[in-house]
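Trainee: With the sequences and hints as input, model every part of the structure.
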Amino acid sequence: MSTLDQADVDVMKATKTCVAATRFQYDYLNDDITDDGKIDYSLTNKVPQALRQAIAEGKKILVLINPPYAAATNRGNTANVGNAEYKSGVAKTKLAATAMIDYGKASNELFTQFLARIAQEIPKATIATFSTLKYVTAPNFEKFRQNWKAEYLGGFVVHNKAFDGLTGKFPIGFLIWKTDQKAVNKIFTTEIVTEVIDKDAKAIGEKSFFNIPKNQFLSEWITRPKPNNVEAIPLKNAVSPATVTKDLRGKKWADGAIGGIDCAGNDLQHAEQHTVIFSSGYGSAGGFLITDKILWQVAIIFAVRRLIIPTWLNDCDQYLQPTEPLSDKFKNDCLIWMLFNRQNRSASANDLEWDNRKWSIVGLF
DNA sequence: GGCGCATACGTGAGAAACTC
DNA sequence: GAGTTTCTCACGTATGCGCC
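Under numbering that gives the first Met the number 0, the first residue of the first sequence is numbered 0, with each subsequent residue one higher.
Calculated directly from the structure, the hints in this document are not laboratory data. One thing to keep in mind: the hints can contain errors.
Said to hold, decoys possible - Subject to a maximum C-alpha distance of 27 Å in a straight line, what follows is the list of computed BS3-like cross-link-like pairs (lysine-lysine):
| id | residue 1 | residue 2 |
| --- | --- | --- |
| 1 | 91 | 245 |
| 2 | 292 | 235 |
| 3 | 160 | 123 |
| 4 | 91 | 104 |
| 5 | 160 | 235 |
| 6 | 185 | 148 |
| 7 | 185 | 160 |
Quick caveat, the model's predicted, so the values are computed rather than measured.
Mentor: Okay, here's the thing in structure tokens:
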């Protein structure tokens with residue numbers, strides 16, 4: 000039994016918790032990792048000899064973990080929106096920096112860093128882990144899923160509010176995997192079925208989570224127009240210019256553009272808050288410009304992203320591209336619905352001030 | 001350098017539901 | 001019936017980091 004903070008080990012010993020276990024402090028993402036991403040126990044000599052021997056002998060090992068979850072962009076939980084601190088450096092652990100070349104953007108997330116180390120250190124381990132579901136569903140984790148060889152044995156998801164001190168509403172999974180990192184062909188499963196437990200710990204049914212290639216995702220349905228050299232005013236609301244000072248987007252127009260859209264993310268979590276039409280570029284990440292050629296597709300994307308009610312359980316479900324021809328009636332319905340939706344923030348205005356200049360925008364919707 | 005994904009998942013007001 | 005808690009709705013930021 001290991002934990003990052005020595006204080007936790009001290010408390011366990013003082014309170015006689017898990018007396019039979021060997022309890023030790025260990026930094027799983029930084030300790031005993033060589034500069035080329037290999038495991039070398041002699042670097043710290045913290046891992047108990049018996050465990051090293053069991054690993055070396057290839058004994059059956061069950062890894063039970065509740066790793067920290069943190070992606071590179073989480074705000075600190077106690078900070079206010081807008082003044083929050085961001086968790087920089089998440090991808091700078093020794094493990095992420097040296098041993099996760101094959102895992103793509105999963106190196107941005109702490110809990111997948113743990114899984115990556117286990118895959119190298121104990122390649123045939125059975126792993127039972129708490130975590131969010133994005134490593135099963137999200138596009139950023141496609142490369143992780145291609146390289147992490149695991150068979151799903153079972154598990155449940157529970158409302159995050161069942162854990163103390165968390166905000167938001169999303170599922171946390173406890174999933175059990177039989178890994179075999181040395182297998183030649185075995186790849187990540189395409190569907191997992193979980194039991195669903197609500198925040199009062201009541202079983203309320205089942206839910207499937209799907210691993211689908213991201214080229215089938217709605218976010219890749221249209222070719223996003225390339226910006227041209229015409230300057231545009233970046234917006235954050237109908238007539239409010241963006242105020243960010245770093246990584247400002249939406250400063251260029253595109254050939255044939257009639258507006259912009261904030262369309263960040265491909266899941267329900269983002270769709271609710273990041274589906275907005277503007278009369279210029281969107282000043283943050285996740286936007287693109289709307290041209291007359293793609294308007295019909297934008298209307299469909301807009302409608303489906305806003306029509307499905309977000310819940311705690313469908314939080315990380317992904318939107319998919321249509322697989323059958325769409326009727327003109329459906330296309331027109333989506334367009335009308337978009338035009339009258341409150342998230343259509345297109346507008347006409349003169350004398351907007353940004354970058355020490357005056358700007359005009361024209362609402363074409 | 002630009003783009004795209006992602007956030008142990010933002011806030012406040014008012015309504016509705018619950019408790020005593 | 002009054003006080004308290006939970007739910008619903010309508011608004012919201014901007015940045016770290018991998019990849020092209």
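Trainee: Are the Cα positions of residue 160 and residue 235 separated by 27 Å at most?
Mentor: violated (31 Å)
Trainee: Straight-line Cα separation of residue 160 and residue 123 no greater than 27 Å?
Mentor: violated (33 Å)
Trainee: Does the alpha-carbon distance linking residue 185 and residue 148 stay inside the 27 Å limit?
Mentor: At roughly 6 Å apart (the allowed maximum being 27 Å), residue 148 and residue 185 satisfy the hint.
Trainee: With a cut-off of 27 Å on the C-alpha distance, tell me whether residue 185 and residue 160 pass.
Mentor: Distance ~35 Å between residue 185 and residue 160 Cα, so the pair is violated.
Trainee: Residue 91 and residue 104 were given as a pair; does the straight-line alpha-carbon distance stay at or below 27 Å?
Mentor: holds (12 Å)
Trainee: Regarding the pair residue 91 and residue 245, is the alpha-carbon distance no greater than 27 Å?
Mentor: Measuring from Cα to Cα gives roughly 21 Å; hence the hint holds.
Trainee: Do the alpha carbons of residue 292 and residue 235 lie within 27 Å of each other, as the hint requires?
Mentor: holds (24 Å)
Consistency note: the structure conflicts with the earlier hints numbered 3, 5, 7.
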